[in-house]
Amino acid sequence: MASTFPPLPSSQPSIHLDSPSLHTLLSPHLLIPHFRTSLPTFSLSIHSPPRLSYTLPSPSSSSSNTLLLMPCWSTDPSLPYLFVKTVTVFPSNSSFLPPLPGVHATVSLFHSLTGAPLASLDGTSLTFLRTSAVAGLASSLLSLPSSQTLLIIGSGGLSKYLISAHRVARPSINHIFIWNRTASKALELVNELRKKEPDSSTVTFDYAENLDEVIGLADIVSCATSSTSPIVKGRLLKPGAHLDLVGSFLPTMKECDDEALLRGRVFVDFEVAMDEAGELVGAFERGVLRREDVAGTLTELAGSKKEGRKRDDDVTVFKSVGTAVVDFLAAQLAYESFIKT
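For the sequence shown, our numbering begins at 1 and goes up steadily by one.
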């Protein structure tokens, strides 16, 4: 979607887009095609410095808390925005009663001509919506069009968004498995999804008790965890499977083993993933994989500059760490859609 220069802040007061508003403005049906056209069109004019990541003290010895700062701006006159996103990642929040979201975020959008604020947005919802839409776009470009079985690994806040995005990308999906290290959380999500969609003739939701067995059944495996040890074993992926890795964003995190990378054609959302994603950083350090073995970025795929799947039995791997570029484009779509209403 090409932007039109918005009114100056003096005539357009700053607005706040809360979570319900964003869910109306940024459904996967709208956001996936927006990314598909906007990433190739605007990628060279959007500037996103490496995000700042700070490890924060945590009372839990099994996890660490993280503060992320992500600025972004455009030099294209048709995309006249400055953007700042602040994110906190507190994995232990799920242990509270009642559980709290593990990720919180705020987003600020400014006018690039004056620097005046245009909008504040619920960054948590924006993060879930853009992350899942990126995964959905990659799935539409890499997974088999006939994909029917989806496995979701992790049952945190992102999981439901990933299910929605993958189903938009591949409407043929009719069986969804959910696995989580804490079985009760996976079962809780399965029951919630069954209640929301009781018609089992459309899609079946099941709890995956034995992960290794279910991996071999899945056409699409989507991981959204903060694991520091491999969960997905590459040897178990079925021929033609698509592996979607969206959870890890630090070199210490990893959701799959080296064999999954070796079996697949590996793509990343942005080149920065090769410096931040634990799966790739570790493989590079061990000499298992070279940076030039990564087949391309999502922007190159969306712009048809790189070929994705070559054969039906190819295993494809998509690694996403997220950058301010997709947050920027999501915020742009939400803001412009809102002021047009």
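Hints are computed from structural coordinates only; laboratory data are not their basis. As the structure is a computational prediction, the values presented were derived from the model and not from experiment. Glycine included, every Cβ here is placed at the ideal spot set by N, Cα and C. Do not take every clue at face value.
Capping the alpha-carbon separation at 27 Å, the derived lysine-lysine pairs in DSSO-like fashion look like this [as the list claims (entries may be wrong)]:
#1 Lys-238 / Lys-310
#2 Lys-340 / Lys-305
#3 Lys-233 / Lys-196
#4 Lys-160 / Lys-196
Now the in silico label distances, taken between C-beta atoms and shown as ranges [unchecked claim]:
#5 Asn-210 / His-29: 18 to 24 Å
#6 His-16 / Leu-69: 17 to 23 Å
#7 Asp-76 / Thr-106: 20 to 26 Å
#8 Phe-96 / Lys-195: 19 to 25 Å
#9 Asn-191 / Lys-306: 39 to 45 Å
We went through each hint and held it up to the structure:
Restraint check for Lys-238 and Lys-310: satisfied, since their Cα atoms lie roughly 16 Å apart, inside the 27 Å limit. The hinted pair formed by Lys-340 and Lys-305 fails the criterion: a straight-line CA distance of about 33 Å is larger than 27 Å. The hinted pair formed by Lys-233 and Lys-196 fails the criterion: a straight-line CA distance of about 32 Å is larger than 27 Å. Between Lys-160 and Lys-196 the CA atoms are separated by roughly 11 Å; this keeps the pair inside 27 Å, and the hint holds.
Here the CB-CB span from Asn-210 to His-29 is close to 34 Å, at odds with the stated 18 to 24 Å. His-16 and Leu-69 have their C-beta atoms about 21 Å apart, which keeps the hinted 17 to 23 Å range intact. Roughly 25 Å separates the CB atoms of Asp-76 and Thr-106, a value that falls within the hinted 20 to 26 Å. A hinted range of 19 to 25 Å for the beta carbons of Phe-96 and Lys-195 is consistent with their spacing of about 24 Å.
Between Asn-191 and Lys-306 the C-beta distance comes to about 41 Å, which sits within the given range of 39 to 45 Å.
Comparing the model with each earlier hint shows violations of hints 2, 3, 5; every other hint is respected.
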